[in-house]
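S.K.: The residues making up each chain are set out below.
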Amino acid sequence: MSEERAILSGNEAIARGVWEAGVRLACAYPGTPSTEILENVKNYPDIYSEWAPNEKVALEVGIGSSIAGARTLVTMKHVGINVAADPLFTFSYTGVNGGLILVSADDPAMHSSQNEQDNRNYAKFAKIPVVEASDSQECKDFVAIALDISEQFDTPVMYRTTTRTSHSKSIVTLGERKEQPGKVELVKNMPKYTMLPVSAKQRHPLVEERILKLKEYAETTELNRVEMNDSKIGVITNGISYQYVKEALPNVSVLKLGLTYPLPENKIKDFAGKVDKLLIIEEGDPFFEEQITVMGVKIDHGKDLFPLVGELSAAFIKAQVEGVTVELKDPAAGLPGRPPAFCPGCSHRGIFTILKKLKVFVSGDIGCYTLGALPPIGAMHACVCMGASISMGHGMAKVIDAGDDMTQKVVSVIGDSTFFHSGMTSLLNCIYNKSNSVAMILDNRTTGMTGGQENPGSGKTLAGEDAISADIPALVKAFGIKNIITIDPYDLKDIEDKMKVALAAEEMTVVVVEAPCVLRYRISHPAWVVDRDKCTGCKQCLKVSCNALSLEEDGDDKFVVIDPNMCAGCGVCAQVCKFDAIGENK
Amino acid sequence: MENTNILLAGVGGQGVLLASQIFTSVAIEADLDVKQSEVHGMSQRGGSVTSHVRFGEKVYSPTIDPGEADFLIGFERLETLRNVHCLKAGGTIIYNTMRINPSTVAAGVSEYPGDVPEQILAFGEKTFLIDGLGLAEQAGNTRSSNVVMVGAVSTFLPLPESLWEAKIKELLPPKLVDLNLKAFHLGREAVKK
Numbered sequence: 092m093s094e095e096r097a098i099l100s101g102n103e104a105i106a107r108g109v110w111e112a113g114v115r116l117a118c119a120y121p122g123t124p125s126t127e128i129l130e131n132v133k134n135y136p137d138i139y140s141e142w143a144p145n146e147k148v149a150l151e152v153g154i155g156s157s158i159a160g161a162r163t164l165v166t167m168k169h170v171g172i173n174v175a176a177d178p179l180f181t182f183s184y185t186g187v188n189g190g191l192i193l194v195s196a197d198d199p200a201m202h203s204s205q206n207e208q209d210n211r212n213y214a215k216f217a218k219i220p221v222v223e224a225s226d227s228q229e230c231k232d233f234v235a236i237a238l239d240i241s242e243q244f245d246t247p248v249m250y251r252t253t254t255r256t257s258h259s260k261s262i263v264t265l266g267e268r269k270e271q272p273g274k275v276e277l278v279k280n281m282p283k284y285t286m287l288p289v290s291a292k293q294r295h296p297l298v299e300e301r302i303l304k305l306k307e308y309a310e311t312t313e314l315n316r317v318e319m320n321d322s323k324i325g326v327i328t329n330g331i332s333y334q335y336v337k338e339a340l341p342n343v344s345v346l347k348l349g350l351t352y353p354l355p356e357n358k359i360k361d362f363a364g365k366v367d368k369l370l371i372i373e374e375g376d377p378f379f380e381e382q383i384t385v386m387g388v389k390i391d392h393g394k395d396l397f398p399l400v401g402e403l404s405a406a407f408i409k410a411q412v413e414g415v416t417v418e419l420k421d422p423a424a425g426l427p428g429r430p431p432a433f434c435p436g437c438s439h440r441g442i443f444t445i446l447k448k449l450k451v452f453v454s455g456d457i458g459c460y461t462l463g464a465l466p467p468i469g470a471m472h473a474c475v476c477m478g479a480s481i482s483m484g485h486g487m488a489k490v491i492d493a494g495d496d497m498t499q500k501v502v503s504v505i506g507d508s509t510f511f512h513s514g515m516t517s518l519l520n521c522i523y524n525k526s527n528s529v530a531m532i533l534d535n536r537t538t539g540m541t542g543g544q545e546n547p548g549s550g551k552t553l554a555g556e557d558a559i560s561a562d563i564p565a566l567v568k569a570f571g572i573k574n575i576i577t578i579d580p581y582d583l584k585d586i587e588d589k590m591k592v593a594l595a596a597e598e599m600t601v602v603v604v605e606a607p608c609v610l611r612y613r614i615s616h617p618a619w620v621v622d623r624d625k626c627t628g629c630k631q632c633l634k635v636s637c638n639a640l641s642l643e644e645d646g647d648d649k650f651v652v653i654d655p656n657m658c659a660g661c662g663v664c665a666q667v668c669k670f671d672a673i674g675e676n677k
Numbered sequence: 026m027e028n029t030n031i032l033l034a035g036v037g038g039q040g041v042l043l044a045s046q047i048f049t050s051v052a053i054e055a056d057l058d059v060k061q062s063e064v065h066g067m068s069q070r071g072g073s074v075t076s077h078v079r080f081g082e083k084v085y086s087p088t089i090d091p092g093e094a095d096f097l098i099g100f101e102r103l104e105t106l107r108n109v110h111c112l113k114a115g116g117t118i119i120y121n122t123m124r125i126n127p128s129t130v131a132a133g134v135s136e137y138p139g140d141v142p143e144q145i146l147a148f149g150e151k152t153f154l155i156d157g158l159g160l161a162e163q164a165g166n167t168r169s170s171n172v173v174m175v176g177a178v179s180t181f182l183p184l185p186e187s188l189w190e191a192k193i194k195e196l197l198p199p200k201l202v203d204l205n206l207k208a209f210h211l212g213r214e215a216v217k218k
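Protein chains in written order, with our numbering: chain A, 92 to 677; chain B, 26 to 218.
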């Protein structure tokens, strides 16, 4: 019988792997590059899967499932681990019942992130093992091994991917699901699962012993593999870097680490002893390099050649090792960039157009609306992390006496998914501490930036079942906020008038913008058209940054045209036109 | 056998990823090792998209380094030019001549260069211009220009026509198969001319 093969991304392979390994529950908050794992897990009916409102909740749901004895998957992007760090560090003490893997999808080079933190550091900090695959076959196969480690050593396991392992596709040989023999039932074991000081004091030494046992395991596990070749150069590497090394330096010897914490000290020393020169090639922090240095092993090259910042590549590794530089003509330097922009018809466009006009300081958040920071709109002036907009805006307003100076007034802008994630507590703080700031909640009923995942406001679950649709104005009212304004994001005058009222208010005001994401719901209005006789080519409409509009030239005549295939019919451009040149198609 | 490296470059929404999927499915069916890599996330909002497809006996890196692409498949002229440095010496450029304005051009803060075809030609001696949009329209749907491009590239690869057709039938929704097969063949013929 021939084996079944498929070409899968790392994320699809992890989903397949958890199904094969008998996982019963999977939980996540979406975040690039991790999102597709749960989107694929939901296609396996043997696994219960759900979106949580944030990563802390996702991990806590997972901890519950593990304590009840079920094999469990929790996934998030790297910065999500920051949110989930509180339960993670103590879950390290309680240990598991059913095995649990926590996927941390890191993003070196920040393709779609606000920082490039290397989460292997978290695993060392929390004293839990890390498993890293280097292609999709390993992404699938290592899941079962990681779950075995979790159960054998009574520990959560961090399963770290990077953008390149998560989003690259390669061939995978598929297997079948193996149900796990262990019973799923609640067993009361207070000293293990109730972390009072008295019990935590007993657990901590076990955690330290566990790491020592894992170090022994690291010496023999199949996850760590030596590929002896020419002994002149030996490379210690991991994850996607392994593929680059094999491509760039086919003749070198390699110690490929799949269990990247804790490290196999004897295996490393043995490998180092067999090669003339030792290189450590790892993306991100000098995580191996520092620990191997502490072992007393002489490293010839590490971060001196392979930087802390960004991604590696085969060509870069080859150039650094062989000391050659390749001259390449790069035409991209003088070309106009193609940054992402609000979709035609996006409800955020009008909001940011008016915020810019009002000259206020915009305290922003993480989501599609962060694109409001980019030119030509450029109306977001701070953005740090999920849920921070409202609290930062409150802090600003408390120390600034703006008076009538609009440039010193703060508007905090947050989306629905981010509000549910961690913005609700910020808003509660505002009303509790008598904030005089303005918060705008852009409610488009979806988690847009990651591709439109369901959230507590969507009315649907991950599995597509009907669910509650959380009522944001009612929630805000329940916090005790009296000034609640709702606005129509496609009526620019309405936005401006109501924002002026909000900015003049003495008390905390919340502006709720309700309009569904155009990726999911079409606007029922035909494309708009430009009357060439009226258009003066002033470019005012182009400042709303819509890809459906472009400036055309016919001799000396300059005029704007609207691509009818792209125009969603929102009419924002028509409202900024001073010459009434943009009208309805008749 | 050396690996074949195909770099696809276009704009979010042009079907670059479906085209990549056709390449990888054909390669796996031909019993080759294959890897494909793309970065998505921000690219969905009208940004630049590139996809790397590599196949051969054994493929390690999922990405194609600058100067290593055997084929550069451009889905839009500016995106083709943006990636010409990825082409290997003697490599082939096949690109759709259509123009899509970046948001910065649409907003009037930068200009779309007028001499893109000439600049592309300076990089690749073997350059084929395809009227992807026109041929897609001829096939019955402007959105099938990605499959026109697949057809054009397929003539350069030692893989049987029937295999490509089989994979198009497999990967596209049933009601779109016929028009995409037409688009595929129009792409093939465009290169032969």
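FYI, nobody ran anything at the bench for these hints, they're computed from the structure.
Owing to the predicted nature of the structure, the values given are computational and were not obtained by experimental measurement.
A couple of the hints might just be wrong.
Claimed, not checked - Between beta-carbon pairs, the in silico distance windows are:
id, chain 1, residue 1, chain 2, residue 2, range
1, A, K568, B, D140, 58 to 64 Å
2, B, T180, A, L396, 40 to 46 Å
3, A, G494, B, E143, 42 to 48 Å
4, B, A114, A, V652, 39 to 45 Å
Stated by the list, open to error - Some, not all, of what chain B presents toward chain A, calculated at C-beta under 10 Å:
id, residue
5, G37
6, L182
7, L184
The beta-carbon is built from N, C-alpha and C at its ideal position, and this holds for glycine as well.
S.K.: All hints, please: hold or fail.
M.R.: Comparing the hints with the structure gives:
About 59 Å separates the C-beta atoms of K568 (chain A) and D140 (chain B), a value consistent with the hinted range of 58 to 64 Å. Checked against the hint of 40 to 46 Å, the C-beta distance between T180 (chain B) and L396 (chain A) comes to roughly 42 Å, which is consistent with it. Between G494 (chain A) and E143 (chain B) the Cβ separation comes to about 57 Å, which falls outside the hinted range of 42 to 48 Å. Take A114 (chain B) and V652 (chain A): their Cβ atoms lie about 41 Å apart, and the range 39 to 45 Å holds.
The beta carbon of G37 (chain B) is positioned within 10 Å of a beta carbon in chain A (closest approach about 7 Å), and the interface hint is therefore held. Contact between L182 (chain B) and chain A, as hinted, is not supported at the beta carbon level, the nearest pair being about 17 Å apart and thus beyond 10 Å. Checking L184 (chain B) against chain A: minimum C-beta separation of about 16 Å lies over 10 Å; hint violated.
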